[in-house]
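Peer 1: Residue-level listing of the chains:
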Amino acid sequence: MVHDPADVAATAMTTALPGDAPEVKVTRDMVRRGLIVAPVLILVCGFVWGIDGAYSSAYGIALVLVNFALAAAIVAGTARISLGLMMGGVLFGYLIRLGLILLAVLLVKDAGWISLPALGATIIVTHLGLLVWEMKYVALSLAHPGLKPARQ
Amino acid sequence: MEALARLVAAAEPVITADDQKAAAAASSAGFAYGLAAIGPGIGIGYLVGKSVEAMARQPEAAGMVRTTMFLGIAFTEALALIGFVVFILIGL
Numbered sequence: 001m002v003h004d005p006a007d008v009a010a011t012a013m014t015t016a017l018p019g020d021a022p023e024v025k026v027t028r029d030m031v032r033r034g035l036i037v038a039p040v041l042i043l044v045c046g047f048v049w050g051i052d053g054a055y056s057s058a059y060g061i062a063l064v065l066v067n068f069a070l071a072a073a074i075v076a077g078t079a080r081i082s083l084g085l086m087m088g089g090v091l092f093g094y095l096i097r098l099g100l101i102l103l104a105v106l107l108v109k110d111a112g113w114i115s116l117p118a119l120g121a122t123i124i125v126t127h128l129g130l131l132v133w134e135m136k137y138v139a140l141s142l143a144h145p146g147l148k149p150a151r152q
Numbered sequence: 001m002e003a004l005a006r007l008v009a010a011a012e013p014v015i016t017a018d019d020q021k022a023a024a025a026a027s028s029a030g031f032a033y034g035l036a037a038i039g040p041g042i043g044i045g046y047l048v049g050k051s052v053e054a055m056a057r058q059p060e061a062a063g064m065v066r067t068t069m070f071l072g073i074a075f076t077e078a079l080a081l082i083g084f085v086v087f088i089l090i091g092l
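Residue numbers (the working numbering), protein chains in the order written: chain F, 1 to 152; chain U, 1 to 92.
It should be emphasised that the hints constitute simulated quantities derived from the structure, not laboratory data.
Quick caveat, the model's predicted, so the values are computed rather than measured.
Where is the CB? At the ideal position from N, CA and C, for every residue including glycine.
Don't take every hint at face value.
[What the hints assert, rightly or not] Footprint (simulated), chain F over chain U, 3 or more residues, beta carbon under 8 Å:
id, stretch
1, 45 to 54
2, 59 to 69
3, 72 to 85
[What the hints assert, rightly or not] Calculated lysine-lysine pairs in the BS3-like style (CA-CA distance at most 25 Å, straight line):
id, chain 1, residue 1, chain 2, residue 2
4, F, Lys25, U, Lys50
5, F, Lys109, F, Lys25
6, F, Lys148, F, Lys25
7, F, Lys109, U, Lys50
8, F, Lys148, F, Lys136
[Claimed, not checked] FRET-style restraints, in silico, Cβ to Cβ:
id, chain 1, residue 1, chain 2, residue 2, range
9, F, Lys136, U, Gln20, 42 to 52 Å
10, F, Gly77, U, Gly45, 11 to 21 Å
11, F, Gly50, U, Ala10, 36 to 46 Å
12, F, Val37, U, Ile38, 26 to 36 Å
13, U, Thr16, F, Leu107, 20 to 30 Å
Given only the sequences and the hints, what does the whole structure look like? Please build it.
Peer 2: Here's what the structure looks like:
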């Protein structure tokens, strides 16, 4: 254990965390749950906004799931190298992912099948819904970092 | 000279009230998105900084800290996404 602030700063820059990546496990579980609820969300959006809403909802779900996967990949990939790199990766990753989402929406904003209200609603509901749902299955313990072990 | 002035006046684009409204909406949307991204950016920086400090102090708890950090990042990012949705609804 390190207690001196100067030592902490030095160690933080160089410490690497090889081994299991709990965020990858959590994200894989969230993507699985996202794919399970996707038909329901698409049906609801299709019912409210028509066929354009259904297409837009599917696009929004894909955006959210890819965003989660990218975030986990950045954390897992950089933590294997050093914590300093992980910090930089998360911060620049945040900017890059926001930029990618903007680009993904700008690319389709004039398409005939897009419904922006459906897309926006899906992005917020899917992102927050999956996170809240996942909280039930996340274990914050030293023994099981990541997901709770399956019940026997 | 008068003919030249008339030509210049004819060449100037006519800005209608609708154009002004659209421009105002676009710039407001840009401000909304920018402001909505600043807060989560600060929050994520603080969160990750503290997590890195915790992992450097106690590497044996790194798995737990990483899980908490990842969920914190995702929840904080939801604020930026809400700003983004406001942007696409009023600006695009």
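Peer 1: If a hint holds in the structure, say so; if it does not, say that too.
Peer 2: Hint-by-hint comparison with the structure:
no.: 1; hint: 45 to 54; result: holds (count 5)
no.: 2; hint: 59 to 69; result: holds (count 10)
no.: 3; hint: 72 to 85; result: holds (count 10)
no.: 4; hint: F:Lys25 / U:Lys50; result: 22 Å, holds
no.: 5; hint: F:Lys109 / F:Lys25; result: 33 Å, violated
no.: 6; hint: F:Lys148 / F:Lys25; result: 11 Å, holds
no.: 7; hint: F:Lys109 / U:Lys50; result: 38 Å, violated
no.: 8; hint: F:Lys148 / F:Lys136; result: 9 Å, holds
no.: 9; hint: F:Lys136 / U:Gln20: 42 to 52 Å; result: 50 Å, holds
no.: 10; hint: F:Gly77 / U:Gly45: 11 to 21 Å; result: 19 Å, holds
no.: 11; hint: F:Gly50 / U:Ala10: 36 to 46 Å; result: 45 Å, holds
no.: 12; hint: F:Val37 / U:Ile38: 26 to 36 Å; result: 31 Å, holds
no.: 13; hint: U:Thr16 / F:Leu107: 20 to 30 Å; result: 29 Å, holds
Hint compliance for this structure: hints 5 and 7 are broken, all remaining hints hold.
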